[in-house]
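Novice: The primary structure of each chain is shown beneath.
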Amino acid sequence: MRDEFTRSVEATLFASAEPLTPEQIAEHVGEGDVAGALAGLAQTYAGRGIEIVERGGRWHFQTAPDLAHLLRRTREETRRLSRAATETLAIIAYHEPVSRAEIEAIRGVQISKGTLDVLMDAGWVRPAGRREGPGRPLLYATTQDFLGHFGLGSRRDLPGIDDLKAAGLLDPLDESVMESLGQLQLESEAEED
Amino acid sequence: MRDEFTRSVEATLFASAEPLTPEQIAEHVGEGDVAGALAGLAQTYAGRGIEIVERGGRWHFQTAPDLAHLLRRTREETRRLSRAATETLAIIAYHEPVSRAEIEAIRGVQISKGTLDVLMDAGWVRPAGRREGPGRPLLYATTQDFLGHFGLGSRRDLPGIDDLKAAGLLDPLDESVMESLGQLQLESEAEED
Amino acid sequence: MDFDSDFDERPLRQSDELTLNLDGWEGPLDLLLNLARSQKVDLTQISILALVEQYLAYLAGARALKLEIAADYLVMAAWLAYLKSCLLLPRDPEADPSPEEIALRLQMRLLRLDAMREAGARLLGRDRIGRDVFLRGSPEGLRQTRKAHWQVRDFDLFAAYGAVKARTAPAMHVVHPRAVMTLDEAIERVSRMIGSALDWTRLESFLPASQDPQYRRSALASSFVAILELARQGRVDLAQEQPFGQLLLRSAA
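Each protein sequence line maps, in turn, to chains A, B and C. Residue numbers for the first sequence follow the numbering used here, beginning at 11 and rising by one. Residue numbers for the second sequence follow the numbering used here, beginning at 11 and rising by one. Residue numbers for the third sequence follow the numbering used here, beginning at 10 and rising by one.
Don't read these hints as lab results, they were simulated from the structure.
EDC-like, lysine to aspartate or glutamate: derived pairs with alpha carbons at most 16 Å apart:
1) C/Lys156 - A/Asp131
2) B/Lys175 - C/Asp123
3) C/Lys156 - A/Glu87
Partial pick of chain C residues on the chain B-facing surface, computed with a CB cut under 8 Å:
4) Ile138
5) Leu144
6) Arg145
Being a predicted model, the structure only gives us computed values, none of them experimental. Glycine is no exception: its CB is placed at the ideal position from the N, C-alpha and C atoms.
If we strip away everything but chain A, and leave its shape as in the complex, we get (with noise of 0.2 Å):
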């Protein structure tokens, strides 16, 4: 391999940006037994990380195919649901299948395309047919692994309204001591034009 015509023939095909013609290799080395240098560099490449292959008569480099799978690497980042997609996912749960329009009716908000998908993508949220009526909506539902993510038997499993509401969690305190706060400062804002 320290023949220098080989070199000189392994340079240029690294070099090039497209896989070459013997022919098109003798015009950058010159003279020489150019499909000779390619045999011996298959061989010397055979079995390593990089090797060198001839398709339709063009000959090029490339990374060896069985470790394709390094190139790729997904990187697993842990992200928090957000609280739009944490409240669809609830009301998926407990009102499947639901269509779009009925979740945002329950939700009171519109709910953006990325929140399902965000739920599709974590694997929590499935379409589930349409609903035969008007428009024939697209149906969600939850998958079999969202009932795995939360330790869940089944839906039935999920603590009902009455559970929820013993629980302080339908408690309206919060939200009508912020609404009226609220309301209170648009009063006065109001007020102020």
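Based on these hints, arrange chains B and C on the given structure of chain A.
Specialist: Chains B and C only, in chain A's frame:
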């Protein structure tokens, strides 16, 4: 060289469009002696048409320098750096971090606006903070790309840097030198305005 | 130190006066350095006096040709002429820095600039990527996809549902019936009872007996307003001995 880990390091480095640090390589190939694999690969490739080199802590494959004549595609050379830009680049590289006033004191002339821009546009020079002191002057230093482009393993590989250091030619500029000559000139320039 | 690089040295053509031109120099220091190099010796060995002579002669030549000479060249010329006189005159022991020291500094400056010039040339002459060495023509590239691992606790889920329900539950306002004594009732009751009371009587004695504190408060409030109304009509007299004291009333005479 059939060792799987070395193959993986080889493939990762080969596939990368950018020079990689051993840490970046490890993110792809997993736990292992990346440095050892790189050293082994560097040895394997020594004397071949392509080589594996380290520049400023980052590794990459490149063609062997002695084959440049085969690969230089066109006669027209990449845009030549002006004399002012070349000197400025050298001053920054050998003195970094260095302020604009210091560069001007060494060259004996003011730097035109474009000179530093050209060097920063090429990706060889970057602003490197400010010097605490009167006027808090902005400082300049070279980049990783600078080392890569000029084939320097580190700043220690700058040609003749040890001799220059020993001769005191890289010492911080003597205040009085700045004053005795620089001041005179700066004053005359100020008068011109 | 090797200063004999192949740096593209600007040829000096002092002999050829027609080409004498100051445009080519990047300032006085550049001109000085090139004059110094024309002394054909190691820069550490140059004669500063000779260099000063060269510089002044060069400028004189330019002036003879009536070329425009930039101010900084003239400032340098004045400074060099001063340096020259200091170097030639008998030494003034008081001078600080001494002329020799100033000359040494000038020499250091020339060395410095020359060193950086040579370094620049050597840098450009290195094996440069894209000119002398080449990177892989078509690297596959490394890709990094980020996969989010979504986290939410079951409590957050249930709390979120509770919040939705609480937020959107229809608001219902229920007013519970309360035991009250109306003003009319109070007026009727007080005027009926006052008829027989000619002595000052406390307001409290007109209130009905009740265990319901809410009703008692209502009766007290209504009765108070009732006696004010009756007093206005001149049907009762009111008395209070001190602020917050007992309210007393009797039938008006």
